[in-house]
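Student: For the working numbering, count along the sequence shown from 1 and bump the result up by 1366.
Be careful, since some hints might not be right.
Computed list of lysine to aspartate or glutamate pairs in DMTMM-like fashion (alpha-carbon distance at most 20 Å, straight line) [what the hints assert, rightly or not]:
{"hint": "1", "residue 1": "K1422", "residue 2": "E1381"}
{"hint": "2", "residue 1": "K1427", "residue 2": "D1386"}
{"hint": "3", "residue 1": "K1422", "residue 2": "E1435"}
{"hint": "4", "residue 1": "K1414", "residue 2": "E1398"}
{"hint": "5", "residue 1": "K1406", "residue 2": "D1386"}
Derived by calculation from the structure, the hints in this document are not laboratory data. Being a predicted model, the structure only gives us computed values, none of them experimental.
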Amino acid sequence: MTDTLTIRCFGQLTELLGGDKLVMPIVSDSDELLRSLINKYPFLLTTKFIVSIDRKVIRTKTQLTSESEIAIMPPFSGG
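Using the sequences and the hints, build the whole thing.
Tutor: The structure is reproduced here in structure tokens:
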């Protein structure tokens, strides 16, 4: 087990964040992850994006482990 989280980035977030992966210190849940991301990248406050954990889009606080598969991406559109 490591003490970091790897976050995959997609779409415009790849450009905005400077790459397709971020590595951050481990946090316990998705709320803490969002706070850490916004603290490090304040422009995310005004950027629309969704978070998925273990390939499921999350809408509520979700526990994380170093093994969690985390992704941030632009919202889906279309039909």
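Student: K1414 and E1398: Cα distance at most 20 Å?
Tutor: Holds, at about 18 Å.
Student: Holds or violated: K1422 with E1381, Cα cutoff 20 Å?
Tutor: violated, 23 Å
Student: Is the Cα-Cα distance between K1406 and D1386 20 Å or less?
Tutor: holds, 16 Å
Student: Holds or violated: K1427 with D1386, Cα cutoff 20 Å?
Tutor: violated, 24 Å
Student: If you draw a straight line from the CA of K1422 to the CA of E1435, is it 20 Å or shorter?
Tutor: Holds, at about 10 Å.
Consistency with the previously given hints fails for numbers 1, 2, ordered from lowest to highest.
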